[in-house]
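**Student:** Taken in sequence, the protein lines are chains A and B.
For the first sequence, the numbering used here assigns the number 1 to the initial residue and increments by one for each residue that follows.
For the second sequence, the numbering used here assigns the number 1001 to the initial residue and increments by one for each residue that follows.
The set of hints was computed from the structure by calculation and includes no laboratory data.
Just so you know, not all the hints are guaranteed correct.
What the hints assert, rightly or not - Derived lysine to aspartate or glutamate pairs resembling EDC-like cross-links, with alpha carbons at most 20 Å apart:
| hint | chain 1 | residue 1 | chain 2 | residue 2 |
| --- | --- | --- | --- | --- |
| 1 | A | K214 | A | D229 |
| 2 | B | K1080 | A | D229 |
| 3 | B | K1080 | A | D150 |
These numbers were taken from a predicted model, which means no experiment stands behind them.
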Amino acid sequence: MTAVDDLIRDIGAHYCIECGKCTTVCPIANANPDFAPRLIVVKAMAGIANVALEPDIWRCMTCETCSEMCPYNVLYSEFIKGLRAEAVSTGIVPVCSQHDLMQTMMRMMATPGLQQNRLGWVTPDLKIADKGEVFYFTGCLPQMSTIFRDQEDVNLLGIAQSAVAIFNRAGITPVVSNQEVCCGHDLNWTGDEVNFEKLMRINLDLIKNSGAAKVVFTCAECLRTFEIDYQDIAGDLDCELLHISEFVDDLVAEGKITFDGVEEKVTYHDPCRLGRHLGIYDAPRNVIGAIEGMDLIEMERTREKSACCGVSAWLTCDSIAKEMQLARMVEAVGTGSDKLITTCPKCQIHLRCAISEEMPIEREKADIPIEDFTILVANSIKTGGESHGK
Amino acid sequence: MEPKIVAFCCKWCSSAGADLAGTSRMKYPPNIRIIRVMCSGRIEPSYILRALELGADGVIVTGCHLGDCHYIAGNEQALKRVEMTTELLETMGIDPRRLRLEWISASEGARFASVMTDFVEEIKKLEPSPLGGV
Chain A
1 MTAVDDLIRD
11 IGAHYCIECG
21 KCTTVCPIAN
31 ANPDFAPRLI
41 VVKAMAGIAN
51 VALEPDIWRC
61 MTCETCSEMC
71 PYNVLYSEFI
81 KGLRAEAVST
91 GIVPVCSQHD
101 LMQTMMRMMA
111 TPGLQQNRLG
121 WVTPDLKIAD
131 KGEVFYFTGC
141 LPQMSTIFRD
151 QEDVNLLGIA
161 QSAVAIFNRA
171 GITPVVSNQE
181 VCCGHDLNWT
191 GDEVNFEKLM
201 RINLDLIKNS
211 GAAKVVFTCA
221 ECLRTFEIDY
231 QDIAGDLDCE
241 LLHISEFVDD
251 LVAEGKITFD
261 GVEEKVTYHD
271 PCRLGRHLGI
281 YDAPRNVIGA
291 IEGMDLIEME
301 RTREKSACCG
311 VSAWLTCDSI
321 AKEMQLARMV
331 EAVGTGSDKL
341 ITTCPKCQIH
351 LRCAISEEMP
361 IEREKADIPI
371 EDFTILVANS
381 IKTGGESHGK
Chain B
1001 MEPKIVAFCC
1011 KWCSSAGADL
1021 AGTSRMKYPP
1031 NIRIIRVMCS
1041 GRIEPSYILR
1051 ALELGADGVI
1061 VTGCHLGDCH
1071 YIAGNEQALK
1081 RVEMTTELLE
1091 TMGIDPRRLR
1101 LEWISASEGA
1111 RFASVMTDFV
1121 EEIKKLEPSP
1131 LGGV
């Protein structure tokens, strides 16, 4: 039994009936006829060649559009993840955008004993603690905010500030830690299992020592990594993992926060990690619906059929990704909304990237302000106070 | 342990400056490992991080003086990138003094030697890199 054989068994590829639905819905296959998810599985099962060496395994965005359609629930993204780890173990080095900057940064964070300075965004009006019931996991927002500081209007630190402002407004002082490290999502999806586990151990120890019963995330990728990948390796965590939209949804239901009326039309982009990977579709919609006067207009491709932002784990930035991002922006403009709302900082970065440069269509067809869900919520909460969003 | 320092030098100015320092028999410490690139604008933030990750105690990026770039504005890109990387290092908990940007022209052999001597001395004052030996 080779590693690839194990993988085929684990993901349930033997149930594949070769219906080809995965290839029909695959956004990459639609743009590039040479790419076919089904073919990769079939090749692996036939044992024709070592599929871990195929370049195509690096082009998949692991957006799980295929899994959503698969009648036999073959876990395609897990298959790709496993193949990548296998490829790396044979010495293949993945080619990542930004010349591997993100992955290098994450590997460096796995070094024990680094005294980070990641809390520069905590303004004096925000109350945070070292120990407490609720842990707010900021993820890579401080680093990404530096790396993407040239992107206009990308207010990544505003996401973290808004999250803490929401907690404070609900009477909660969240734990925010200077020792927190990257969740390792991108290393996990580029086959670096060793450093991924190092990061995981640091984060899990940190959360355990904080005594938190709930961990809240503003990043869809971090949540997916904790919920699925950490628990796969480290067993069930004894704390509740929540996305900020779920947390706010509960607060609204308990009447702990109320919103000011805002006359605004917004549309919501489901990130693949939050939607298809974790099945969280309703919580953000409930919260937006609870804001008086705010009108949520759905795009054509929404919920399970949501379009992908084109890039995952900094692997797949190319002309196909750009086309997909632009198509998504055009769709958002088509709803006639004032803003596009998303819950994933990376979706925001990638979608903004498509409209930040020259584009093959007229600008007004694709240019719509993008705002993070957390900032939208913090700015709509009743009674004044500091506002951190734009 | 002697510190290891990676120096990125652009082909048109700084590495010519290094050559001049050498042919003029000027002395500077042997801790510097020069990597010649076509332009300082070629230096990606990830190259700097990678050098530190692999155990370098300091990284120095050198290029033509502003306005003198062989490719018109490559060094302006280098300036932006090094500023960004410095901020990133600070957030990550790596002493930003480990990264330096200097403009050294082809005629400044003496300046090349003195900048390198100065940088090595400054790095020697710091603790060994927390990433050393990774």
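**Student:** Against each hint, give a clear statement of whether it holds in the structure.
**Tutor:** Against the structure, the hints come out as follows:
A threshold of 20 Å between alpha carbons decides the hint, and for K214 of chain A with D229 of chain A the separation of about 18 Å falls inside it, so the pair holds. A distance of roughly 36 Å separates the Cα atoms of K1080 of chain B and D229 of chain A; the hinted pair therefore is violated under the 20 Å criterion. Distance restraint check for K1080 of chain B and D150 of chain A: the Cα-Cα separation of roughly 10 Å lies within the 20 Å cut-off, and the hinted pair is therefore satisfied.
Hint 2 from the list above is the single one not met by this structure.
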